[in-house]
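Participant: One letter stands for each residue in the lines below.
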Amino acid sequence: MSERTTMDQITGVGGRLRDALLVPTLALITALLIGGLIIAVTDVDILRLWGDDPAEAFKQTLEAVGGAYKALFVGSLGSVNAISETLFAATPLILAGLAVAVGFQAGLFNIGAEGQMVIGGMTALFLGFTFDAPTIILLPITLLGAIVGGAFWAGIAGLLRAKTGAHEVITTIMLNFIALFLAQWLLKTSVFQQTGRSDPISKPVNEGAQLPRLFGDDYRVTVGLLIALAAAGFVQWLMYHTSIGFQYRTVGANPDAAKYAGMNVVWLTVAVMATSGALAGLAGANQILGLPPYEGTTAFSGGIGFDAIALALLGRSKPLGVVWAGLLFGALTAGGRQMQGVERIPIDLVEVIQALIIVFIAAPALVRSIWRIKTTDEGTGQITTGWSA
Amino acid sequence: MTTVDHALESAKVRATPEEKRSRILTGVYFALSVFVLFAFAFDEDADMDATFKLALPRDRFEPIDWVFEPRIMSIVVSIILATLGVVQLLRGFGRWDNVVLGGAMVLFVLAFLGWAAAGQSFSLVGMLTSMVVLSVPVTAGGLTGLMCERVAVINIGIEGQLLGSAFVGTIVGSTAGRWVGLLGAIAIGALLGAALAVLVIKYRVDQIIAGVAINIFALGLTSFMATRVLGPNPEFNEPERFGTIAIPVLEDIPVIGNMFFKNNIFLYGMLLLVVLIHIGLFHTRWGLRSRSVGEHPKAADTLGINVYRTRYRNVILGGMIAGFGGAALTLGSTGRFEENMTAGVGFIGLAAMIFGRWRPFGVLGAALVFGFARGLQQKLGILGTPIPSEFLSMAPYIVTIIVVAGLVGRARPPAADGQPYIKD
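If you read the protein sequences in the order shown, they are chains Y and R.
For what it's worth, my numbering labels the leading residue of the first sequence as 1, then goes sequentially.
For what it's worth, my numbering labels the leading residue of the second sequence as 1, then goes sequentially.
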């Protein structure tokens, strides 16, 4: 205790910064190490080699793991294009991560970012191919549509929670499936489906609805990144500088106290979910408006809504933390694509690494005992409540 | 504001949840009655006979056909539903209300199927059989959730436990035979259960976050291995399956025999588990202790029950049940593992647990309802209804939302559910 106090006195925020970064860093390192182990033990050819020639097998194992992580690094940070790919992948992750983070801060676990992305993206898609106008007019309209669509879909779960007590974890997961089937059906209707196609592919959005690229045609990073950063700033302002944000956080910290202080818990629950869904809707719009061929398919949300959960935890549900975590996950995704393309290591490994990061962030005592360090990190603690709340 | 408005206003305030629910149920019965009349009975094709097949080819009593005119069927169903609505309005059904609601749903579906099958024949027994088969993994998920929540541990990771054990069942089953595969699946279920238990009991990680981590981990790892191991080595994805074991005599009972007595060990095992857990939970020392840990861990602790050990044991046992259910998905079904093949079954199992009010037979009943919704979706495609298949695919998920939103009455979970226990 005294040691820590001294450190704080000397370095100002130093001690706190060390605590804030130590566990996430070690969590990432541990997760990557376990990921390497998984690569090593899943190569059937090398496993067969261990019996005949252990030395050669060991060498090949090191090469496989080393090659994979080299590709992961080169694909994420190794060139200007790689950095652009990282930022490109980070954009929807930041938006969806903010969505989950807002929910966490208000004590609601929104696992439905994926479905809200689908509904938001489909709304943006519909507006984007129906109307034709210059970017300055059409893009804001499509993005607004995505916000409304996502907010509506999440609002259903909020309303069910507030009115009937149905837990948002279950309802949002079910709404994910419903959104996916709804999109599958919509994409085959004459309104959405591209003329002359029999598979579920939509018409492309008009040029005015496409997100312009930031650094010319060679790099895929778009204005979406700026929107994501602006959204992080907005969430920071909303949660910490407005009375609405104060009410959100109070409901999260203690719903009973919020109720007795005269806050409208029913309305707040719906509003929190809607805010969260709006951000997820933007993430969905980014997946359609942000990359060629600017069409809707059945899988455009690509699991980002689930990655967002790990991301929000890693970023401690704080907007700035989510931005950093989003950049990290963006790097993992961009690098993972390279790893899959060059080294033929399936990108699903990134999911495994993310799951491990969640575990280590949520249980810092695990990290402490693995690395034999001291930290005051208490982990995420209890965020959610039981079914009957 | 008039006096009438005032009266309405105060009536609204005084309405208890039961009264509210009774009013909703009345509305549901009347709405269904009117819907059946207009949508099904007045349909122009409703006078063409529909045939429900009640026996499968090669059955001893094949064929048993039930031929009827959909219009008459719809009118009868409509009248019964309206009657139920009147009775519900006047006096209600008391503790039988869920059973009556279930019966009303069955009638509605019968009228619907009659309408869809007008002028055609439809294998009713085929649909009921697939309902039972599809309910097996849902029951497993529900029983897993029940084992955990009876000791106040919420298990959101059932989906991952099912997926992980389905995968291991396939890969071990392909290399070492189906029985070893089954054991491997159960072992992985236990391992994932133990992981959840350590995280939430020892490290006091938020129970829902721990479960979500298990789900993402299992989905990521199985998809990774499916591409990296099963893809280039298809011989690891061809386990010997558990075939049908018909039970003599009982298998010849029409309809029931096909549903319950001509199946594989997974259905029989699941039915046995339902009975065993029911007896264990309500008639043994283990059950009493488990329930007390779930309701009031502090009191249980004071009486000398080891809260932590009870929780570890039940969560791991629950994981083993999920392992059995996961094996059913591969070894008891297609025999092939596919990425994300559970597709929400674990979560539907959780909903079945809530629907079934944390009781084993309730879980089984709820799982049959979900199995029915899935079976319906699979078989309706054959009849060519104008309803898009995507909407039929949504049905189980919509039913789940309705269930957890409490249309079937608010159930009370174990009192300490979801809370970590910190020993003083």
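Note that these hints are calculated values from the structure, not bench results.
Keep in mind that the hints are not guaranteed to be accurate.
[As the list claims (entries may be wrong)] Calculated cross-link-like contacts (lysine-lysine; reagent style DSBU-like; alpha-carbon spacing at most 35 angstroms):
(1) R/Lys20 / Y/Lys163
(2) R/Lys20 / Y/Lys259
(3) Y/Lys70 / Y/Lys318
(4) Y/Lys318 / R/Lys262
(5) R/Lys202 / R/Lys53
Participant: Against the earlier hints, flag every one the structure doesn't satisfy and list their numbers going up.
Facilitator: When the structure is compared with the hints, numbers 4 and 5 turn out to be violated.
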